[in-house]
Amino acid sequence: MDKVNVEKQKIFRSNLITFGMVIAAYIVVEVMMKTGNITSLLKGLLVPLCIYSILAVSLNLVVGISGELSLGHAGFMCIGAFTSATWSMLMKSSSMPEGIRFFFAILIGAVSAAFFGFLIGIPVLRLKGDYLAIVTLAFGEIIKNLVNALYFGVDAKGPHFSLEDSMHLNMDGGTIIIKGAQGITGAPKNSNFTIGVILLLIALFIVLNLINSRTGRAIMAIRDNRIAAESVGLNITKYKLLAFTISAAIAGVGGVLYAHNLSSLQALPKNFGYNQSIMILVFVVMGGIGNIRGSVIAAVVLTLLPELLRGLSDYRMLIYAVVLIFMMLFTSAPAFMQYRERIMTALHGKNKGGKEMD
Amino acid sequence: MAALLKVDSLGISFGGLKAVDKFNVEIEKNELYGLIGPNGAGKTTVFNLLTGVYKPTNGQITLDGDNITGLDCEAINKKGIARTFQNIRLFSQLSVLDNVKVGLHNNHAYSTLDGIFRTPKFRKVEKQMDERALELLKVFELEGYCDYKASNLPYGQQRKLEIARALATEPKLLLLDEPAAGMNPNETEELMNTIRLVRDKFDMTILLIEHDMKLVSGICDRLTVLNFGQVLKQGLTQDVLHDPEVIKAYLGD
Ligand SMILES: Nc1ncnc2c1ncn2[C@@H]1O[C@H](COP(=O)(O)OP(=O)(O)O)[C@@H](O)[C@H]1O
Ligand SMILES: [Mg+2]
Numbered sequence: 001m002d003k004v005n006v007e008k009q010k011i012f013r014s015n016l017i018t019f020g021m022v023i024a025a026y027i028v029v030e031v032m033m034k035t036g037n038i039t040s041l042l043k044g045l046l047v048p049l050c051i052y053s054i055l056a057v058s059l060n061l062v063v064g065i066s067g068e069l070s071l072g073h074a075g076f077m078c079i080g081a082f083t084s085a086t087w088s089m090l091m092k093s094s095s096m097p098e099g100i101r102f103f104f105a106i107l108i109g110a111v112s113a114a115f116f117g118f119l120i121g122i123p124v125l126r127l128k129g130d131y132l133a134i135v136t137l138a139f140g141e142i143i144k145n146l147v148n149a150l151y152f153g154v155d156a157k158g159p160h161f162s163l164e165d166s167m168h169l170n171m172d173g174g175t176i177i178i179k180g181a182q183g184i185t186g187a188p189k190n191s192n193f194t195i196g197v198i199l200l201l202i203a204l205f206i207v208l209n210l211i212n213s214r215t216g217r218a219i220m221a222i223r224d225n226r227i228a229a230e231s232v233g234l235n236i237t238k239y240k241l242l243a244f245t246i247s248a249a250i251a252g253v254g255g256v257l258y259a260h261n262l263s264s265l266q267a268l269p270k271n272f273g274y275n276q277s278i279m280i281l282v283f284v285v286m287g288g289i290g291n292i293r294g295s296v297i298a299a300v301v302l303t304l305l306p307e308l309l310r311g312l313s314d315y316r317m318l319i320y321a322v323v324l325i326f327m328m329l330f331t332s333a334p335a336f337m338q339y340r341e342r343i344m345t346a347l348h349g350k351n352k353g354g355k356e357m358d
Numbered sequence: 001m002a003a004l005l006k007v008d009s010l011g012i013s014f015g016g017l018k019a020v021d022k023f024n025v026e027i028e029k030n031e032l033y034g035l036i037g038p039n040g041a042g043k044t045t046v047f048n049l050l051t052g053v054y055k056p057t058n059g060q061i062t063l064d065g066d067n068i069t070g071l072d073c074e075a076i077n078k079k080g081i082a083r084t085f086q087n088i089r090l091f092s093q094l095s096v097l098d099n100v101k102v103g104l105h106n107n108h109a110y111s112t113l114d115g116i117f118r119t120p121k122f123r124k125v126e127k128q129m130d131e132r133a134l135e136l137l138k139v140f141e142l143e144g145y146c147d148y149k150a151s152n153l154p155y156g157q158q159r160k161l162e163i164a165r166a167l168a169t170e171p172k173l174l175l176l177d178e179p180a181a182g183m184n185p186n187e188t189e190e191l192m193n194t195i196r197l198v199r200d201k202f203d204m205t206i207l208l209i210e211h212d213m214k215l216v217s218g219i220c221d222r223l224t225v226l227n228f229g230q231v232l233k234q235g236l237t238q239d240v241l242h243d244p245e246v247i248k249a250y251l252g253d
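Protein chains in written order, with this note's numbering: chain A, 1 to 358; chain B, 1 to 253.
Mixed in with the good hints, there may be bad ones.
Distance condition first, Cα-Cα at most 25 Å in a straight line; then the derived DSS-like pairs of lysine-lysine [stated by the list, open to error]:
hint, chain 1, residue 1, chain 2, residue 2
1, A, Lys3, B, Lys78
2, A, Lys128, B, Lys172
3, B, Lys79, B, Lys172
4, A, Lys238, B, Lys78
5, A, Lys3, B, Lys79
6, B, Lys79, A, Lys238
7, B, Lys138, A, Lys10
8, A, Lys3, B, Lys127
9, B, Lys29, B, Lys79
These aren't lab readings, by the way, just hints derived from the structure by calculation. The model shown is predicted, which means the values in this text are computed figures rather than measured ones.
Please work from the sequences and hints to get the whole structure.
Right, dumping it as structure tokens:
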């Protein structure tokens with residue numbers, strides 16, 4: 001029992017470090033802001049840093065914990081962004097207090113993305129490996145293109161949809177909220193660094209506690225050996241779908257933050273396209289697959305780096321590439337992992353490796 | 001007394017090849033039953049049919065009076081059959097303790113939300129699971145390894161951990177596929193004692209596939225010999241092992 005408790009304490013401490021790291025970074029930035037020691041460039045990056053961290057944590061749940069390759073996470077982000085922004089537009093002129101409106105916006109973004117995650121998860125999770133990657137990639141692109149073509153408005157008679165143009169909405173007065181490729185203009189700017197950090201902490205809380213629970217064990221057992229997992233009576237579909245749905249919900253929340261951080265919201269290749277999905281995957285791989293804290297660190301470093309190196313114009317991408325290679329080696333190369341394990345062994349005086357999910 | 005496991009005329013073909021054909025067996029409660037035969041005879045296929053990995057082309061499987069023919073793996077485990085694998089299948093990235101706790105999954109439940117919000121129920125059930133898992137590990141002298149990653153265990157211990165995990169699901173019938181494969185004589189001897197202990201301590205019914213004749217003759221009450229997918233001989237261990245046909249099948253291998 002002693003060893004079990006030691007193990008539990010290790011996980012607890014590791015999780016504490018993860019939360020502490022985020023909170024410490026928050027305090028440092030707040031102090032910098034209070035004392036005016038922050039560039040406007042960095043200021044503009046604060047909310048995106050939270051968004052990318054949240055998305056990386058979300059995707060790591062699928063890629064690292066559930067062991068499935070998804071390339072459609074920007075699609076879930078897109079759903080979260082547009083559903084929540086639509087809600088905020090609809091309620092903008094109501095008497096609902098701003099805080100409560102944004103709270104519901106977050107909820108709506110999460111639930112809508114979760115709903116789509118569940119829906120596409122049912123057929124898609126039967127596929128394996130590359131097939132799953134291709135289908136999720138297609139899903140992300142379809143969502144982005146659909147949103148690009150979508151017109152939506154509300155008048156006295158209720159909601160109107162069209163995939164043609166605003167004339168086809170047949171509106172009788174009222175307001176048009178989503179204008180096809182122009183997207184949504186004028187969603188309230190409710191996102192800020194504090195809310196971003198709180199949502200990141202909540203995402204971390206959910207994912208870390210999930211991993212270290214009965215449900216997380218089942219998800220990881222299925223990842224490690226599907227046939228053995230079936231043989232001990234686990235419901236494979238249920239747990240794969242659960243991980244995928246929770247992950248989609250969290251990605252949706254990233255989308256909510258995104259939608260409420262800008263005055264105009266459009267579905268573009270650069271924000272909700274496959275390049276974005278792959279960027280998130282890069283964060284996950286660079287931070288170490290299955291390593292939740294690593295995802296946050298990688299998202300922050302790799303988002304800040306190109307901006308910080310802007311002055312070095314010509315060498316910028318070179319340095320970026322070198323950093324990528326070193327991160328990759330550090331988190332994933334067997335030799336480096338052995339080296340790290342040796343250091344751990346020296347520190348703990350024993351050759352073992354329990355969980356590394358922290 | 002009705003048999004715990006009753007298999008009638010079980011068969012499966014893979015593209016014309018009858019890997020198992022007209023397989024019958026009746027195993028009594030608390031029995032230690034052996035399934036032997038040359039390589040490729042279809043023994044593992046029988047296990048895969050019993051546990052729902054393959055759907056039988058014909059025949060019927062009855063466990064404790066329930067017809068379980070055609071159910072999937074998950075359902076069959078819940079009905080009470082657990083197994084180990086000829087090629088070890090552990091949850092390699094999980095700790096030894098967690099491997100067993102995954103086995104406890106269905107009989108020690110709390111919801112996903114309990115887990116996320118660390119409710120009192122979560123704490124209570126997790127504590128029960130830890131205690132139960134350690135008890136099981138103790139039977140196999142694995143409790144000292146509980147914080148090891150499963151893939152870091154020595155080979156012999158991995159085989160034992162698989163048995164512990166299977167037992168954690170509280171089966172009525174335990175299937176062991178070549179549990180002594182790759183073990184030296186000392187380890188095999190020790191494993192024999194462990195298997196007997198499992199039968200007695202857990203009041204378990206065990207069906208095992210094994211090549212080690214010393215192990216088979218040492219612990220099995222009865223045997224079925226499989227050859228080319230069909231039953232060659234069935235009966236008390238000593239009778240079967242001294243049967244000329246059986247000896248021929250083995251020597252001819
Ligand atoms: N999924 C499968 N597809 C095709 N042939 C199979 C399959 N599983 C087993 N077989 C064949 O069935 C026969 C019996 O195999 P097996 O049950 O593994 O034998 P063993 O008695 O050594 O455990 C072999 O000829 C094997 O090639
Ligand atoms: Mg076999």
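Evaluation of the provided hints:
For the hint pairing A:Lys3 with B:Lys78, the CA-to-CA distance comes to about 31 Å; that exceeds 25 Å, so the pair is violated. Distance hint between A:Lys128 and B:Lys172 is unfulfilled; the C-alpha atoms sit about 33 Å from each other, more than 25 Å. Between B:Lys79 and B:Lys172 the alpha-carbon distance is near 8 Å, which keeps this suggested pair within the 25 Å criterion. Under the criterion of a C-alpha separation no larger than 25 Å, the hint pairing A:Lys238 with B:Lys78 is consistent with the structure, at around 16 Å.
This hinted pair does not check out: A:Lys3 and B:Lys79 have alpha carbons roughly 33 Å apart, beyond 25 Å. About 19 Å separates the Cα atoms of B:Lys79 and A:Lys238, which keeps this hinted pair within 25 Å; it holds. Between B:Lys138 and A:Lys10 the CA atoms are separated by roughly 23 Å; this keeps the pair inside 25 Å, and the hint holds. For the suggested pair A:Lys3 and B:Lys127, the alpha carbons sit about 14 Å apart, so the restraint of at most 25 Å is met.
Between B:Lys29 and B:Lys79 the alpha-carbon distance is near 15 Å, which keeps this suggested pair within the 25 Å criterion.
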